[in-house]
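As they're listed, the protein sequences go chains Y and B.
Its first residue numbered 1, the first sequence is counted upward by one per residue in the UniProt record's numbering.
Its first residue numbered 1, the second sequence is counted upward by one per residue in the UniProt record's numbering.
Don't read these hints as lab results, they were simulated from the structure.
Please note that the accuracy of each hint is not assured.
[As the list claims (entries may be wrong)] Part of the chain Y face toward chain B, derived, beta carbon under 7 Å:
id, residue
1, 5
2, 110
3, 156
4, 158
5, 163
6, 165
7, 166
8, 206
9, 208
10, 210
C-beta atoms are modelled at their ideal positions from N, C-alpha and C, and glycine is treated no differently.
The primary structure of each chain is shown beneath.
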Amino acid sequence: MFSFEFMQNAYLAGTLIAIVSGMMGVFVVARNMPFMTHTLSEIGFAGAAFGIFIGWTPLNGMLAFTTVSSIMVGELSGAVESRRESVISAISGLFIGLGILFLSLSRKNASYATNILFGSVIGISRQDVIQMAALSILVLVVLLLIFRNLKDDSFDAIGSQTNHIHRNLISIIFLIMLAFSVSVAAQIVGSLLIFVLLTLPASSAKYFAHTVLRMMSLAILFALFGVWVGLYLGYLTNWPVTFFIASIEAIIYGISLFYNFIRSKSE
Amino acid sequence: MSETLISVENLSLSFPNHPVFSDLSFQVNRGDFLGVIGENGIGKTTLVRVILGQLHPGVGKVIIKQGIRIGYVPQFRNVDVEYPLSIKDFVALNFTGLKLPWLSKKERARVNQVIKQVGLEQIANRPLGLASGGEKQKAYLAQALINHPDLLILDESTASLDPNTKKELLDVVFRLNKTMGLTIFFVSHDMQMIHEYPDHYLWLQKGKYESGPIADLHNENKEGQYV
Numbered sequence: 001m002f003s004f005e006f007m008q009n010a011y012l013a014g015t016l017i018a019i020v021s022g023m024m025g026v027f028v029v030a031r032n033m034p035f036m037t038h039t040l041s042e043i044g045f046a047g048a049a050f051g052i053f054i055g056w057t058p059l060n061g062m063l064a065f066t067t068v069s070s071i072m073v074g075e076l077s078g079a080v081e082s083r084r085e086s087v088i089s090a091i092s093g094l095f096i097g098l099g100i101l102f103l104s105l106s107r108k109n110a111s112y113a114t115n116i117l118f119g120s121v122i123g124i125s126r127q128d129v130i131q132m133a134a135l136s137i138l139v140l141v142v143l144l145l146i147f148r149n150l151k152d153d154s155f156d157a158i159g160s161q162t163n164h165i166h167r168n169l170i171s172i173i174f175l176i177m178l179a180f181s182v183s184v185a186a187q188i189v190g191s192l193l194i195f196v197l198l199t200l201p202a203s204s205a206k207y208f209a210h211t212v213l214r215m216m217s218l219a220i221l222f223a224l225f226g227v228w229v230g231l232y233l234g235y236l237t238n239w240p241v242t243f244f245i246a247s248i249e250a251i252i253y254g255i256s257l258f259y260n261f262i263r264s265k266s267e
Numbered sequence: 001m002s003e004t005l006i007s008v009e010n011l012s013l014s015f016p017n018h019p020v021f022s023d024l025s026f027q028v029n030r031g032d033f034l035g036v037i038g039e040n041g042i043g044k045t046t047l048v049r050v051i052l053g054q055l056h057p058g059v060g061k062v063i064i065k066q067g068i069r070i071g072y073v074p075q076f077r078n079v080d081v082e083y084p085l086s087i088k089d090f091v092a093l094n095f096t097g098l099k100l101p102w103l104s105k106k107e108r109a110r111v112n113q114v115i116k117q118v119g120l121e122q123i124a125n126r127p128l129g130l131a132s133g134g135e136k137q138k139a140y141l142a143q144a145l146i147n148h149p150d151l152l153i154l155d156e157s158t159a160s161l162d163p164n165t166k167k168e169l170l171d172v173v174f175r176l177n178k179t180m181g182l183t184i185f186f187v188s189h190d191m192q193m194i195h196e197y198p199d200h201y202l203w204l205q206k207g208k209y210e211s212g213p214i215a216d217l218h219n220e221n222k223e224g225q226y227v
């Protein structure tokens with residue numbers, strides 16, 4: 001299997017993505033941002049299509065769109081909850097529409113859209129892997145630097161108000177890192193299924209681990225397991241890798257909910 | 001003369017169409033246990049926010065002694081049953097700054113120390129979300145203590161607790177005040193608790209206030225409780 005360069009690339013990229021998603025996911029879940037992340041990823045779809053339209057790589061188009069919009073979307077987290085959902089629907093709809101427009105204008109065939117929306121293993125070049133590695137390392141270094149303040153802000157938003165941790169700055173840095181992570185993760189699972197890596201592993205981990213560092217480790221493990229096994233099963237069966245990763249992560253999440261149910265019954 | 005940590009002089013503050021304080025003056029000295037009482041909505045939390053520097057005083061002066069550390073336990077918290085962090089990890093959240101993610105040996109020792117001070121060592125590794133109301137308040141207290149504060153502000157920390165748990169929590173605070181000289185700014189609408197623990201009181205009322213040693217607090221209100 002590893003004699004094919006595209007499988008090597010896929011495993012390298014998948015491993016990076018799993019690590020970044022596992023770490024970021026813990027904060028995405030703590031900050032209650034799964035839907036925000038999903039919206040960012042749909043904006044990324046439009047970005048990827050725009051990239052293709054003007055002759056960039058889809059990853060670069062995605063990065064441009066998600067980074068610029070991450071701050072704009074982040075402003076919404078302060079909005080009234082009932083309105084927030086509606087605004088998110090509007091933004092998602094608008095950007096998916098734009099994505100379809102750009103694809104149509106670029107006269108690429110429909111498989112391009114499928115690749116961006118649902119992910120693709122074959123499309124990842126060595127060049128992409130290097131860029132993804134650079135982005136992943138950047139995200140990890142920034143996370144390491146702001147870790148304690150981000151942790152305080154994410155897990156105790158009210159208590160952290162008096163801690164002089166520059167909450168607004170932390171929030172903006174986090175959103176930009178989220179934009180990078182979304183763009184990178186979408187290369188494998190696709191922009192429609194960003195939940196699968198950026199939310200599910202961290203949501204599962206919180207039922208088994210009770211410190212941020214342990215939750216991260218476990219979320220990375222769950223994500224790695226899904227990506228590695230998913231790629232292997234995809235290779236064996238020729239079925240879409242995204243299907244396998246999504247199913248594995250959903251099953252892990254189901255098991256953790258069941259575990260939590262049993263535990264709460266026994267107490 | 002003892003050292004003054006907070007000095008409020010002629011503070012007047014109002015929101016649009018809603019005066020909060022007028023001409024409020026009081027002092028908090030090191031080692032005081034001040035009980036701040038008043039009906040809901042009278043401006044107790046607003047006063048806390050002014051002291052914390054989150055709200056600018058309109059008229060008057062609020063002088064906080066330079067360099068003192070303030071530990072603050074807010075009235076509300078986003079902690080539901082799904083909240084995943086252990087009590088230990090929650091307490092350690094207040095170790096902020098641009099440092100490595102994992103705690104140093106000294107920091108770990110400090111976490112254990114404050115957890116012991118509030119009496120949560122038995123359940124320190126359990127998720128905070130599964131703790132009882134009283135245990136949660138003790139965890140919040142431990143978190144506020146972690147950076148060695150000079151002054152501890154408790155905003156309605158006992159409001160949702162049953163009488164026994166209330167007493168248990170305030171016994172811990174009282175001990176910190178008496179044995180370590182920690183200055184306490186205890187905000188409550190529970191007249192009975194104010195009579196029992198603080199040595200001074202500040203009673204905010206509509207457009208006026210009363211303050212002084214706790215012995216001067218009107219006895220006829222002893223059993224009264226604001227809702």
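Here's how the hints hold up against the structure:
Among the interface hints, the one on residue 5 of chain Y is violated; its C-beta lies about 36 Å from the nearest C-beta in chain B, farther than the 7 Å criterion. The interface hint given for residue 110 of chain Y is violated, since its Cβ lies 41 Å from the closest Cβ of chain B, which is over the 7 Å cut-off. Because the smallest distance between the Cβ of residue 156 of chain Y and any Cβ of chain B comes to about 5 Å, under 7 Å, the interface hint for this residue holds. Nearest Cβ of chain B to the Cβ of residue 158 of chain Y: about 5 Å, under the 7 Å cut. The hint holds.
Satisfaction of the interface hint for residue 163 of chain Y is found here, the shortest Cβ-Cβ separation to chain B being roughly 5 Å, below the 7 Å cut-off. Restraint check, residue 165 of chain Y versus chain B: the minimum CB separation of about 5 Å is within 7 Å; hint holds. The criterion of a C-beta within 7 Å of any C-beta in chain B is not met by residue 166 of chain Y, whose closest approach is roughly 10 Å, and the hint is violated. Interface hint at residue 206 of chain Y: satisfied, since its Cβ lies 4 Å from the closest Cβ of chain B, which is below the 7 Å cut-off.
Against a cut-off of 7 Å between C-beta atoms, the interface hint on residue 208 of chain Y is violated, since the closest Cβ of chain B lies about 9 Å away. Hint status for residue 210 of chain Y relative to chain B: holds, with the closest Cβ pair at about 4 Å, below 7 Å.
Going through the hint list in order, the structure does not satisfy hints 1, 2, 7 and 9.
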